[in-house]
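K.L.:
We have chain A already, so just place chain B on it with the hints.
Number of protein chains: 2
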Amino acid sequence: MKAQDYPPEVLELLASLKRMPGVGSKGAERLALWFLQQGRNEAQRLAAALSTAVSTVGYCPCCGFFSTEGKLCTACSDTTRDSSLLCLVEQPTDVLPIERCGIFRGLYHCLGGKISPLDGVMPEDLSVEKLLERVRALPGCEVILALSSDVEGEATALYLAEQLSPLPCKVSRLAQGLPAGAGLGHADPITLMRALQGRSGLL
Amino acid sequence: MKAQDYPPEVLELLASLKRMPGVGSKGAERLALWFLQQGRNEAQRLAAALSTAVSTVGYCPCCGFFSTEGKLCTACSDTTRDSSLLCLVEQPTDVLPIERCGIFRGLYHCLGGKISPLDGVMPEDLSVEKLLERVRALPGCEVILALSSDVEGEATALYLAEQLSPLPCKVSRLAQGLPAGAGLGHADPITLMRALQGRSGLL
Numbered sequence: 169m170k171a172q173d174y175p176p177e178v179l180e181l182l183a184s185l186k187r188m189p190g191v192g193s194k195g196a197e198r199l200a201l202w203f204l205q206q207g208r209n210e211a212q213r214l215a216a217a218l219s220t221a222v223s224t225v226g227y228c229p230c231c232g233f234f235s236t237e238g239k240l241c242t243a244c245s246d247t248t249r250d251s252s253l254l255c256l257v258e259q260p261t262d263v264l265p266i267e268r269c270g271i272f273r274g275l276y277h278c279l280g281g282k283i284s285p286l287d288g289v290m291p292e293d294l295s296v297e298k299l300l301e302r303v304r305a306l307p308g309c310e311v312i313l314a315l316s317s318d319v320e321g322e323a324t325a326l327y328l329a330e331q332l333s334p335l336p337c338k339v340s341r342l343a344q345g346l347p348a349g350a351g352l353g354h355a356d357p358i359t360l361m362r363a364l365q366g367r368s369g370l371l
Numbered sequence: 169m170k171a172q173d174y175p176p177e178v179l180e181l182l183a184s185l186k187r188m189p190g191v192g193s194k195g196a197e198r199l200a201l202w203f204l205q206q207g208r209n210e211a212q213r214l215a216a217a218l219s220t221a222v223s224t225v226g227y228c229p230c231c232g233f234f235s236t237e238g239k240l241c242t243a244c245s246d247t248t249r250d251s252s253l254l255c256l257v258e259q260p261t262d263v264l265p266i267e268r269c270g271i272f273r274g275l276y277h278c279l280g281g282k283i284s285p286l287d288g289v290m291p292e293d294l295s296v297e298k299l300l301e302r303v304r305a306l307p308g309c310e311v312i313l314a315l316s317s318d319v320e321g322e323a324t325a326l327y328l329a330e331q332l333s334p335l336p337c338k339v340s341r342l343a344q345g346l347p348a349g350a351g352l353g354h355a356d357p358i359t360l361m362r363a364l365q366g367r368s369g370l371l
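From first to last, the protein sequence lines stand for chains A and B.
With my numbering applied, the first sequence corresponds to residues 169 to 371, in that order.
With my numbering applied, the second sequence corresponds to residues 169 to 371, in that order.
Hints listed in this document are in silico derivations from the structure and should not be mistaken for laboratory results.
Hints are all accurate, no fakes.
For identical chains, the list gives no copy identity; a pair is met inside one copy or between any two copies.
In silico lysine to aspartate or glutamate, DMTMM-like type, Cα no more than 20 Å apart, as pairs:
1. K186 x E210
2. K186 x E197
3. K186 x D262
4. K170 x D246
5. K170 x D250
6. K239 x E177
7. K298 x E330
8. K186 x D173
9. K194 x D262
10. K194 x E180
11. K170 x D262
12. K194 x E177
13. K298 x D262
14. K239 x E180
15. K194 x E267
16. K239 x D173
17. K298 x E310
Every value quoted in this text rests on a predicted model; they were computed, and no experiment measured them.
So here's chain A without its partners, still in its complex pose (with noise of 0.2 Å):
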């Protein structure tokens, strides 16, 4: 008697599905069945959507934002933008949250990740030479580094400030402290830490 398996089809299916991070040999069983059952139609798109991002997306030459075949990105090609403002994230999904804002009227860099030795990322493996490029043909431009406040997004900043500081060039970072609409009883010590240092005048 041979044991029961999934057809080759399925199984290729939940081999690929499994490739996605955060997904498990429970989760692809999961997604492979709702594909095969309720989501054939849904299966069909993805498939597309993926064949054509893969093959049409790619980074826009200036900032690294997401951009299809290689022109420049919607912000890099708007000449309404202040560009002696640099806002530096970094990854391309860091730039929508700052769009959302509605207040930055600036350029962006994406600096492809952040430093960490533990991942094997050095400055090597980021935009940062493009960046200091940037920096150099815009003299006396600001660049905001909006990087996470976790460790390796602080040691990315710091290693980018002292990259910048020959250059005429002012650099700024992102306040610290409390998020909107948090109670203090919520703040976790190092918050409080930040927001007691980086406090401003009321009156």
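P.N.:
What follows is chain B alone, placed relative to chain A:
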């Protein structure tokens, strides 16, 4: 100034990923970023696997397990299996755990779900009629109800037992009790109650 947004190809990928069960906006963004940054090969592979699976994988016309191109599945086409044992499971994915335990040598029947009026699943949505047909063609067989031990599974088992009672077959169900390796301290009261009710003689 136009707000920066993802290129339409990325937006379409995000929308398709978000349709998957258990994947929200953040999860879809994380997956899309991964596909576009590290997983371009995986994206092509998953796209191909999805297309192939939904176009070739269907269900075994006899038991409802996965099979390709409308053929009988491995179990149903295996003449060395004991056709007088019919293991009834909810989903095709429930077949594999039973196969893996290595003790079952009979055939399967996938119901396609369990009766759950709250989710709009009624007996006529499940392959009950086909089960009765199979049992009628196999007089003297044993139907083993291997349904989940939640409320819907119990209700489905009771309903099926009633439907099967006029037919010339035995009906049994999986034992309920302590899972292997579990201590009494972690067993919930219902599990313990069922373990007591189903106790078996030793001496």
